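Given the sequences, and given the hints that come with them, work out the whole structure.
Chains as they are written, first to last, in this note's numbering: chain A, 1 to 390; chain U, 1 to 347.
Bear in mind the hints are in silico, worked out from the structure with no lab data behind them.
Here the structure is a predicted model, which is why all the values come from computation and not from measurement.
Subject to a maximum C-alpha distance of 30 Å in a straight line, what follows is the list of computed DSSO-like cross-link-like pairs (lysine-lysine):
(1) K155(A) to K240(A)
(2) K155(A) to K247(A)
(3) K240(A) to K375(A)
(4) K188(A) to K155(A)
(5) K118(A) to K172(U)
(6) K240(A) to K184(A)
(7) K296(U) to K67(A)
(8) K172(U) to K134(A)
(9) K297(A) to K296(U)
(10) K166(U) to K134(A)
(11) K118(A) to K296(U)
(12) K134(A) to K244(U)
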Amino acid sequence: MKKTVFFVLSVIMFCGMLGIAIAEQLPTICAIHPYTGRFAFAGIEGAAAMQDVVDMTNEAGGINGKKIQYYWADGEYKDDVGIAAFKRLYAQYKPQIMFGQSTGMTKALGPEIKSRYKTLYSAYTFAQEAANPKENPYLFLPGPRYVDQFGVLLKYIAKEKPGANVAFFYSDTEFGREPIAAGKEMCKKLGLHFVAEEISKVGGVDLTTQVLDMKAKKAEYCIFHGFVSNPVTAVVKLSKDYGLNIKFMGTFWTTEQQLLNELGPLAAEYRGVSAYSFFYQSEFPEIKKIQEWTKKKYPKIQYRSQSYMQVYMSTTLFVESFKRADKMKGGFNKPENLVKAFQSIKNYDVGGLMPPVTIVNNSVPVGRIYRGNAKTRQFDPISDWIVIED
Amino acid sequence: MRSGDFKEDYIKDEAIFQSVFVKFWLGLFFVFLVLFPFAANIHMLYIANLIGFAVIGAVGLNLLTGFTGQISLGHAAFLGVGAYASAILITRCGFSFWLSVPLAGLVSALAGFLIGLPSLRVKGLYLCIATLASQFIFGFIFVHWESMTNGITGIHIPPPSIGDFKFDTERKFYWITLVSVILAVGYARNLVRSKMGRAFMAIRDRDLAAEIMGINLFRYKLSSFAISSFYAGVAGALWVSFLKVVTPEHFPFLLSIEYLAMIIVGGLGSVLGSIFGAIFMTLVPETLSVLSDIVKEMAPGWENLIIPFKEVVFGFLIVGFLVFEPHGLVEIWNRIKKFFILWPFSY
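And the structure:
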């Protein structure tokens, strides 16, 4: 009899403890930021952005009263280091949401995230592999795929100058090559003439051959992709020296303040696509909020980059998914709930950081064209938000 | 008490296990390796698997560079050849993982054989450049032979399996890695004490003298390239099945340099040195990352300084080892062993 009572009590205690353990699993986000290495410019900003959104949310009461836990590690922008950090953080904290550092890491971990980890996941990428809910519902992009960004730019060109000659200038990397084939197809559909394809290393210096090739092929528009600032600056300056009359454009990572600073008086020659508003666009309430927060928490910081905005947006969507999933049966600890919650986001107001967000195929296919301003060295919007439909 | 290390015949001198003590400690280490996955978490197992692949690759490179004296800057390319060969054999030809790994090694060996051909005419820095070319040639093939390699998208691979049992976790894959490492290290250890191994070393020490002694340079140099590449191919094939995806960016030039660093830090011309080097180059950066994360939590706001500092520490560690022990970690290990063998009369 005594044994039976002891057994029953033990079972009850065990179940109780298990229940407490499950009940106390707090909303947890883990991130691998490329804090060092060649993508550190984005990683340092991203780490701060995620911390800021988590702190803002926790100050406002967390996820229905539960404080978000946030842990991160440096992935050095190397796939093996990033994956090791992912596994370390996962083993330690069992997060419901993870944020990765690159396209390569996303590709490598994608199948395991689907089959084993089942965490909602985004990363410093706009690769199309991370926006395919049929293949992997856990991965998402907080903005438009690189292909969509090309679509935004090409649509703009087609409207500004129908039948224009277009050249693509991209880096010889996985990231650089990704949207090229689809971009060529889009040119055909939009009635544009794809005339040149120039390839360079990231940070390439001697670009005379490519510039002269564009001149020979009479390119009128050149779209950069797969670079940060170099060799964009060099190409723009060299083109002016050779008397080319080309309009330069670029995708997300190039459309950054640093480029305008390097271009100097030629800043107005560049136009780029971004999914987010800029730090100085204080007419938007969310941007105003970021400015005030930055002033309060980091008085020495004068500017927050687009990388900051990307991670800020991702974390905002993470928080919203947590909130929505918390109201479902099983809460945010049930992976399917988080996916459902995320995919249910529709016309979600983010205070002008982006237009109202609607998740389409686990991405937000919207972008806006900005033009560099040589006087203010800032980007001015020259289009409204352009939505890409498949 | 042992007070020396005396051998009375060549068989004893060539023995793999030089004494009962070696057998005992190796046995104990083997027990540790077997028990390890039951105690380790997924992160530790992930690192253990990476160390295993690095050991196989480093042993291969040491056979070529440390034992035969042929410097190669294209080791990452051979890893890539093995990885892609295995991925293509599994996904397109329907081969099982178990068959694809040795075949990937053979494909890589063939590539190594071809890239090794210039070694018959050039040496030293010139050979470096010739092997460096393989990095670019194969890198180009991985990206542009899209019908086979899927270009930049890469190839996704299913996990290895036996019947319904899938080796789809770090813990399960650990057993494949462990067996592969034992086979690879065991073969290399035997090879270097064979006729072929002695020929490799003779070529390394002075190839002209070796040729005069009757060693066929053509045969042995190319054999060394092929065997080294076979090892790299197997390491690549295992790595790719572990990661379950292969893309061209997994095999940058820097990886070749890392492998060279492994064998230099570990000890050139030593199988054990390759193991030490692989462990050092994989484990130390990871340990520094963990430490920097801990320090970062303790000193919020100092991330900007603390995190990049780990790279500086790692750099200093490598330089420190090279300055204070140019023969690599294996020499430190030998000194420690000698201290205990001769203790208390180690003078």
